[in-house]
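K.L.:
Sequence:
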Amino acid sequence: MAEDTFPGWHGTTIIGVRKGGHVVVAGDGQVSLGQTVIKGSARKVRRLSPGGYDVVAGFAGSTADAFTLLERLEAKLEATPGQLQRASVELAKDWRTDKYLQKLEAMLIVTDGRDLYVITGAGDVLEPEHDVAAIGSGGNFALAAARGLMETDRTAEEVARRAMEIASDICVYTNGNLTIEKIGG
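Everything in the sequence shown is counted per our numbering, starting at 1 for the first residue and increasing by one.
Calculated directly from the structure, the hints in this document are not laboratory data.
Remember, predicted model here, so these are calculated numbers, not experimental data.
A few of these clues could be false.
What the hints assert, rightly or not - For each label pair, taking beta carbons as the anchor points, the in silico distance ranges come out as: (1) Arg43 - Glu158: 28 to 34 Å; (2) Ala75 - Arg43: 34 to 40 Å; (3) Gly21 - Arg96: 29 to 35 Å; (4) Ala122 - Ala64: 18 to 24 Å; (5) Thr152 - Glu78: 35 to 41 Å; (6) Ser49 - Thr120: 33 to 39 Å; (7) Asp54 - Glu158: 19 to 25 Å.
As the list claims (entries may be wrong) - No more than 30 Å apart at the CA atoms, straight line, and that leaves these computed lysine-lysine pairs for DSS-like: (8) Lys39 - Lys103; (9) Lys93 - Lys103; (10) Lys93 - Lys182; (11) Lys39 - Lys182.
For every residue, glycine included, the Cβ atom is placed at its ideal position computed from N, Cα and C.
Please work from the sequences and hints to get the whole structure.
P.N.:
Encoded structure:
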């Protein structure tokens, strides 16, 4: 099959919600190839603990690429313990300038329970407005839903769960099989 006609891998909705001193990162479990669901229970949210410093990361995009980035982030965190922003900026700089890393197709949401960032291959380290970040094929649906729920009395986890339910109802590349990691508080 020619490269330009190969059906792309699709999938993933990841959301990070910071509310009430807690941060929750939630991700769905669906991986699709073209119009086929390849796996419904992938785990795209991970807890990293470099040097006893807890960080939660969720990824969208190519799994192999995301794992490469998570390994690099973990190394940056070990070099700069307790400094998520610095480690994230260093990863983004490497990702932007390194010829090998530039080819990686993934995005990350990372948090230490205090800070919440989206890291992209364009060299961006973005702190979201309104304490909600979302990436992936259903990210915009989850983001809109969460933004609407932030003014309610729901907890960070409840906002993330409901936003992911809404995204999975709308986005064909998102399912309701969630992995949720909580940090902070």
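K.L.:
Okay, Thr152 versus Glu78 on CB: inside 35 to 41 Å?
P.N.:
Since Thr152 and Glu78 have Cβ atoms about 39 Å apart, the given range 35 to 41 Å holds.
K.L.:
With respect to the beta-carbon atoms only, verify the hint that Asp54 and Glu158 lie 19 to 25 Å apart.
P.N.:
holds, 22 Å
K.L.:
For Lys39 and Lys182, compute the direct alpha-carbon distance and say whether it is at most 30 Å.
P.N.:
Holds. Lys39 to Lys182 sits at ~24 Å (cutoff 30 Å).
K.L.:
Given the hint of 33 to 39 Å, is the C-beta distance from Ser49 to Thr120 inside that range or not?
P.N.:
Violated - the Cβ-Cβ distance for Ser49 and Thr120, about 24 Å, lies outside 33 to 39 Å.
K.L.:
For Lys39 and Lys103, compute the direct alpha-carbon distance and say whether it is at most 30 Å.
P.N.:
Roughly 24 Å between the alpha carbons, so the hint for Lys39 and Lys103 holds.
K.L.:
Is it true that the CA of Lys93 sits at most 30 Å from the CA of Lys182?
P.N.:
Distance of about 28 Å is within 30 Å: holds.
K.L.:
Determine whether the Cβ-Cβ distance between Ala122 and Ala64 falls within the hinted range of 18 to 24 Å.
P.N.:
Between Ala122 and Ala64, where Cβ atoms are some 20 Å apart, the hint holds.
K.L.:
For a C-alpha distance cap of 30 Å, please report whether Lys93 and Lys103 respect it.
P.N.:
holds, 14 Å
K.L.:
Verify the CB-CB distance for Arg43 and Glu158 against the hinted window 28 to 34 Å.
P.N.:
Given about 21 Å between the Cβ atoms, the range is violated.
K.L.:
Is the distance from the Cβ of Ala75 to the Cβ of Arg43 consistent with 34 to 40 Å?
P.N.:
violated, 21 Å
K.L.:
Using the C-beta atoms of Gly21 and Arg96, is the stated range 29 to 35 Å upheld?
P.N.:
holds, 33 Å
The structure shown violates the earlier hints numbered 1, 2 and 6.
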